[in-house]
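S.K.: Whenever a hint applies, use it, and build me the whole structure from the sequences.
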Amino acid sequence: MNAVAAIRPDSATGRTELAVEGLRCAGCISKIERGLLDIPGVHAARVNFTAKRLVVEHAAPVDAPALVDALERLGFTAHGMVDAPAGAQDRESKRLARALAVAAFAAMNVMLLSVSVWSGAEDATRTLFHWVSALIALPAVVYSGRPFYESAWRALRHGRTNMDVPITIGVALTCAMSLYETATGGAHAYFDGAIMLLAFLLGGRLLDTVMRERAQDGVTALLRRLPEAATILAQDGTARQVPLAQLRAGMRVLVAAGERFAIDGTVETGASDADCSLVTGESAPEAIAAGSKVLAGTVNLTSPVTVLASAAADDTAIAEIARLMQSASQAKSRYVRLADRASRLYAPAVHMLAFVSLAGWLIAGAGWHQALSIAVAVLIITCPCALGLAVPVAHVVAAGALMRRGVLVRDGAALEKLASIDRVLLDKTGTVTCGKLAPVAGLPTGGRERGILLALAQATRHPMAQAIARALEAEGVAAEPVTELRELVGKGIEGRIDGVRAALGRPDWVGGVLAAQPAMLTAFRLGSGPASAIVFDDALRRDASSAIDRIRALGLDAQFVSGDSWTVVEPLARRLRLFARARMSPADKFETVARLEDGGHRVLMVGDGVNDGPALKRASVAMAPSVASDVGRQAADLVFFGDLLMPVPQAIAAARRTMQVVRQNFALAILYNLLAVPLAIGGMVTPLVAALAMSGSSVLVVANSLRLRSAAR
Amino acid sequence: MNIVAVLIPMALLLGLLGLGAFFWASSSGQFEDLDGAALRILIEDEPESKP
Numbered sequence: 001m002n003a004v005a006a007i008r009p010d011s012a013t014g015r016t017e018l019a020v021e022g023l024r025c026a027g028c029i030s031k032i033e034r035g036l037l038d039i040p041g042v043h044a045a046r047v048n049f050t051a052k053r054l055v056v057e058h059a060a061p062v063d064a065p066a067l068v069d070a071l072e073r074l075g076f077t078a079h080g081m082v083d084a085p086a087g088a089q090d091r092e093s094k095r096l097a098r099a100l101a102v103a104a105f106a107a108m109n110v111m112l113l114s115v116s117v118w119s120g121a122e123d124a125t126r127t128l129f130h131w132v133s134a135l136i137a138l139p140a141v142v143y144s145g146r147p148f149y150e151s152a153w154r155a156l157r158h159g160r161t162n163m164d165v166p167i168t169i170g171v172a173l174t175c176a177m178s179l180y181e182t183a184t185g186g187a188h189a190y191f192d193g194a195i196m197l198l199a200f201l202l203g204g205r206l207l208d209t210v211m212r213e214r215a216q217d218g219v220t221a222l223l224r225r226l227p228e229a230a231t232i233l234a235q236d237g238t239a240r241q242v243p244l245a246q247l248r249a250g251m252r253v254l255v256a257a258g259e260r261f262a263i264d265g266t267v268e269t270g271a272s273d274a275d276c277s278l279v280t281g282e283s284a285p286e287a288i289a290a291g292s293k294v295l296a297g298t299v300n301l302t303s304p305v306t307v308l309a310s311a312a313a314d315d316t317a318i319a320e321i322a323r324l325m326q327s328a329s330q331a332k333s334r335y336v337r338l339a340d341r342a343s344r345l346y347a348p349a350v351h352m353l354a355f356v357s358l359a360g361w362l363i364a365g366a367g368w369h370q371a372l373s374i375a376v377a378v379l380i381i382t383c384p385c386a387l388g389l390a391v392p393v394a395h396v397v398a399a400g401a402l403m404r405r406g407v408l409v410r411d412g413a414a415l416e417k418l419a420s421i422d423r424v425l426l427d428k429t430g431t432v433t434c435g436k437l438a439p440v441a442g443l444p445t446g447g448r449e450r451g452i453l454l455a456l457a458q459a460t461r462h463p464m465a466q467a468i469a470r471a472l473e474a475e476g477v478a479a480e481p482v483t484e485l486r487e488l489v490g491k492g493i494e495g496r497i498d499g500v501r502a503a504l505g506r507p508d509w510v511g512g513v514l515a516a517q518p519a520m521l522t523a524f525r526l527g528s529g530p531a532s533a534i535v536f537d538d539a540l541r542r543d544a545s546s547a548i549d550r551i552r553a554l555g556l557d558a559q560f561v562s563g564d565s566w567t568v569v570e571p572l573a574r575r576l577r578l579f580a581r582a583r584m585s586p587a588d589k590f591e592t593v594a595r596l597e598d599g600g601h602r603v604l605m606v607g608d609g610v611n612d613g614p615a616l617k618r619a620s621v622a623m624a625p626s627v628a629s630d631v632g633r634q635a636a637d638l639v640f641f642g643d644l645l646m647p648v649p650q651a652i653a654a655a656r657r658t659m660q661v662v663r664q665n666f667a668l669a670i671l672y673n674l675l676a677v678p679l680a681i682g683g684m685v686t687p688l689v690a691a692l693a694m695s696g697s698s699v700l701v702v703a704n705s706l707r708l709r710s711a712a713r
Numbered sequence: 001m002n003i004v005a006v007l008i009p010m011a012l013l014l015g016l017l018g019l020g021a022f023f024w025a026s027s028s029g030q031f032e033d034l035d036g037a038a039l040r041i042l043i044e045d046e047p048e049s050k051p
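Residue numbers (the numbering used here), protein chains in the order written: chain L, 1 to 713; chain F, 1 to 51.
Note that these hints are calculated values from the structure, not bench results. Because the structure is a prediction, the values reported are computed rather than measured. From the three backbone atoms N, C-alpha and C, an ideal C-beta is built for every residue, glycine too. Among the clues, some could well be false.
Label-pair distances were calculated between CB atoms; the ranges are [as the list claims (entries may be wrong)]:
id	chain 1	residue 1	chain 2	residue 2	range
1	F	Glu32	L	Val115	34 to 44 Å
2	L	Asp422	F	Glu44	51 to 61 Å
3	F	Ala37	L	Ala239	46 to 56 Å
4	F	Ile41	L	Asp69	23 to 33 Å
5	L	Gly683	F	Leu16	31 to 41 Å
6	L	Val210	F	Asn2	43 to 53 Å
List time: in silico SDA-like cross-link candidates among lysine to any residue, alpha-carbon distance up to 25 Å [said to hold, decoys possible]:
id	chain 1	residue 1	chain 2	residue 2
7	L	Lys94	F	Met10
8	L	Lys52	L	Ile39
9	L	Lys491	L	Ala533
10	L	Lys52	F	Glu44
11	L	Lys436	L	Gly451
12	L	Lys31	F	Gly36
13	L	Lys31	F	Asp33
Listed below are several chain F residues computed to face chain L (Cβ distance under 10 Å; list not exhaustive) [claimed, not checked]:
id	residue
14	Ile3
15	Val4
16	Val6
17	Ala11
18	Leu12
19	Gly15
20	Leu16
21	Leu19
22	Phe22
23	Ser27
24	Asp33
25	Gly36
26	Ala38
27	Ile43
M.R.: Have a look at this one:
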């Protein structure tokens with residue numbers, strides 16, 4: 001939310017990258033590419049369909065907003081891209097893919113030679129083959145292993161160890177030992193083992209990176225254009241535009257209907273309705289009149305008002321949310337991934353074991369050469385080949401399964417964290433509900449009345465009226481010819497048909513007998529007939545209650561945290577049988593999460609709005625619907641698509657199964673070590689045994705992970 | 001046995017050729033837009049300006 005739009009301009013001939021929505025087919029590609037070429041100054045346009053991006057090369061006068069406008073005319077919505085480290089990420093997977101290609105090439109060729117050695121090549125032939133193997137393997141080991149060496153070096157420099165340290169040491173020692181064997185015409189060279197190890201590990205690492213990058217493409221940080229300026233009224237009554245940064249408390253700001261408030265303040269003149277959902281999460285519009293407080297980021301709906309600014313720029317409530325989010329990401333201790341935790345134990349154990357076997361054989365009277373070969377064999381046999389695949393393969397397969405179910409997983413750590421949660425906090429608006437008002441009762445039944453109601457509802461932009469219009473239009477009602485339509489701010493809309501007054505609006509203004517009613521309601525009355533009260537509700541997601549039942553069945557404690565008023569939250573909480581808290585400010589939500597986390601719980605926060613941002617950041621793991629605000633999606637570890645809530649329990653269940661499989665994979669890898677290590681210490685491991693054990697355990701782990709293909713159910 | 005003197009270099013050469021092709025493809029952006037390429041075949045060429 002603090003990122004500045006850095007749209008990469010390159011001086012004279014510009015190059016602009018845009019994210020385009022709504023790309024569906026070949027037609028879209030050609031429409032955009034040809035359409036943009038018609039604009040003077042555009043040299044070339046190229047759509048990347050996979051990434052949903054567009055690269056335009058153009059002369060200097062053409063700029064990003066002009067291109068966005070042009071795309072708008074072509075029927076596509078485009079955004080400038082936040083200059084995320086996308087370039088660096090691309091290089092990462094590309095680098096790994098190249099390293100893997102080299103390692104795989106070398107491994108296959110060395111294996112070809114090794115098989116002949118194992119089949120009984122002897123003396124000069126064997127030495128020749130070993131030399132050729134060395135020639136192929138050594139450059140490949142140097143080139144392909146760089147990601148590991150670099151990471152190991154980084155860790156060692158900071159006085160830590162990670163999985164890459166034993167890998168690096170193992171590969172280096174193996175190569176040195178094999179080279180010595182080759183030079184002295186020995187029988188055992190492990191070039192095949194070293195290079196195959198690198199190839200397997202690079203495979204795992206590549207999968208991990210590709211998964212992260214794909215998720216990042218899906219949640220591309222799109223910049224929503226925020227109001228950059230506001231109209232202020234000077235003392236003499238003249239109006240002028242002032243950029244956002246220059247707004248100060250005490251200024252009088254004129255906010256037109258449909259505009260976003262740029263400041264916190266008090267309404268001076270005018271009456272209107274405000275949509276506060278961005279900041280408070282409340283779905284029903286709030287009536288505002290002289291003296292009411294308004295918040296920056298909320299939208300003025302029905303009529304213009306002047307506001308006396310009480311806080312601007314960095315002091316507004318919305319800026320406060322941004323600060324909370326920042327402190328939240330600092331407070332959250334960095335999650336240590338399972339593989340890294342395993343390696344903390346693993347690396348010292350392996351090195352110890354190799355050292356002990358070296359010492360043991362020396363004491364037992366073996367020569368240096370024999371003892372060293374055995375120690376190296378121990379190192380290579382324990383190298384975490386299957387371990388390196390155990391986690392990433394399981395993650396990638398599970399993420400793929402979830403993707404097909406409409407859940408996007410940011411990275412593997414998200415699945416690990418999701419599997420360990422014990423509390424679920426749900427936001428209401430936009431998360432459990434669809435975030436849109438819908439009339440649930442009280443619509444008139446007569447055809448003519450419905451037509452009149454539609455005519456009235458269509459004439460105003462009040463959200464309740466628009467909800468009525470949507471509902472009636474969906475039923476195919478045709479509007480009646482209502483005349484003399486007149487909107488009374490803060491009251492409602494009225495008109496005449498056949499000389500009779502028809503009114504839609506506040507119950508007390510519309511008149512007629514009405515019983516005491518809940519908050520979200522509006523009234524419709526034709527002539528002097530009885531008024532009908534139209535009740536609204538923010539429609540629940542279709543499967544909300546079964547999804548919450550399933551969350552409960554998973555043994556998790558679910559709660560509501562809503563910014564809405566208690567009257568709105570209560571019936572919903574009752575229906576879903578949930579414990580609920582209402583009227584929560586963003587800071588309250590943040591506090592709730594922080595208290596639970598500090599109390600040793602692991603919280604899954606599901607929310608969408610800016611007001612959930614800090615809580616999403618603070619929670620162990622966060623999920624957001626794809627329609628969430630940019631802030632929500634940025635803060636979330638998982639994003640789910642569609643109108644259903646079921647993806648939330650599905651993702652939890654899938655994450656648990658994934659971790660189960662990961663643990664099985666670890667167990668398999670350890671079992672393999674338990675069998676192979678004694679052989680290695682006993683000096684019975686030949687290069688053939690090492691190669692078989694390594695590929696065998698890797699295949700086993702991959703096959704086990706593939707069972708997760710149906711994990712998302 | 002002398003045949004290996006021919007076969008090994010040949011095997012290596014062919015493998016290197018494939019590796020080189022992959023490096024070329026990866027650096028010239030062949031893997032940038034995998035889905036787009038499948039669709040572009042469907043785009044009709046702009047009719048050439050008539051003589």
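S.K.: Taking the hints in turn, state whether each one holds.
M.R.: Evaluation of the provided hints:
In this structure the hint that Glu32 (chain F) and Val115 (chain L) lie 34 to 44 Å apart at CB holds, the actual value being about 38 Å. Between Asp422 (chain L) and Glu44 (chain F) the C-beta distance comes to about 58 Å, which sits within the given range of 51 to 61 Å. A hinted range of 46 to 56 Å for the beta carbons of Ala37 (chain F) and Ala239 (chain L) is consistent with their spacing of about 53 Å. Remark: the range hint 23 to 33 Å for Ile41 (chain F) to Asp69 (chain L) is upheld by a beta-carbon distance near 31 Å.
Under the hint 31 to 41 Å, the C-beta atoms of Gly683 (chain L) and Leu16 (chain F), about 37 Å apart, fit the expected range. With their beta carbons about 45 Å apart, Val210 (chain L) and Asn2 (chain F) fall inside the hinted range of 43 to 53 Å. About 28 Å separates the Cα atoms of Lys94 (chain L) and Met10 (chain F), which puts this hinted pair outside 25 Å; it is violated. As the CA atoms of Lys52 (chain L) and Ile39 (chain L) are separated by approximately 21 Å, the hinted pair is consistent with the 25 Å bound.
With a C-alpha separation of about 15 Å, the suggested pairing of Lys491 (chain L) with Ala533 (chain L) holds against the 25 Å cut-off. A hinted pair counts as satisfied when its Cα atoms are at most 25 Å apart, and Lys52 (chain L) with Glu44 (chain F) qualifies at roughly 21 Å. Simply put, Lys436 (chain L) and Gly451 (chain L) have alpha-carbon atoms about 23 Å apart, close enough for the 25 Å limit, and the pair holds. Taking the CA atoms of Lys31 (chain L) and Gly36 (chain F), the gap is about 14 Å. The hint holds against a cut of 25 Å.
With a C-alpha separation of about 18 Å, the suggested pair Lys31 (chain L) and Asp33 (chain F) falls inside the 25 Å cut-off, and the hint holds. With 10 Å as the threshold, the beta carbon of Ile3 (chain F) stays out of range of chain L, its nearest partner Cβ sitting at about 12 Å, so the hint is violated. Because the smallest distance between the Cβ of Val4 (chain F) and any Cβ of chain L comes to about 8 Å, under 10 Å, the interface hint for this residue holds. The beta carbon of Val6 (chain F) comes no nearer than 13 Å to any beta carbon in chain L, farther than 10 Å, and the hint placing it at the interface is violated.
Satisfaction of the interface hint for Ala11 (chain F) is found here, the shortest Cβ-Cβ separation to chain L being roughly 7 Å, below the 10 Å cut-off. Interface hint status for Leu12 (chain F): upheld, as the beta-carbon distance to the closest one in chain L is roughly 6 Å, under 10 Å. The criterion of a C-beta within 10 Å of any C-beta in chain L is met by Gly15 (chain F), whose closest approach is roughly 5 Å, and the hint holds. For Leu16 (chain F), the interface hint holds, the least distance from its beta-carbon to any beta-carbon of chain L being 8 Å, beneath 10 Å.
The beta carbon of Leu19 (chain F) is positioned within 10 Å of a beta carbon in chain L (closest approach about 5 Å), and the interface hint is therefore held. Hint on Phe22 (chain F) holds. Least Cβ distance to chain L is approximately 5 Å, under the 10 Å limit. The restraint placing Ser27 (chain F) at the interface with chain L holds, with a minimum CB-CB distance near 8 Å, inside the 10 Å limit. Hint status for Asp33 (chain F): holds, given a least beta-carbon distance of 4 Å to chain L, under 10 Å.
For Gly36 (chain F), the interface hint holds, since its Cβ comes within 10 Å of a Cβ in chain L; the closest pair sits about 3 Å apart. About 9 Å separates the beta-carbon of Ala38 (chain F) from the nearest beta-carbon of chain L, less than 10 Å, and the hint is met. The beta carbon of Ile43 (chain F) comes within 4 Å of a beta carbon in chain L, closer than 10 Å, and the hint placing it at the interface holds.
Hint check: violations occur at hints 7, 14 and 16; the rest are consistent with the structure.
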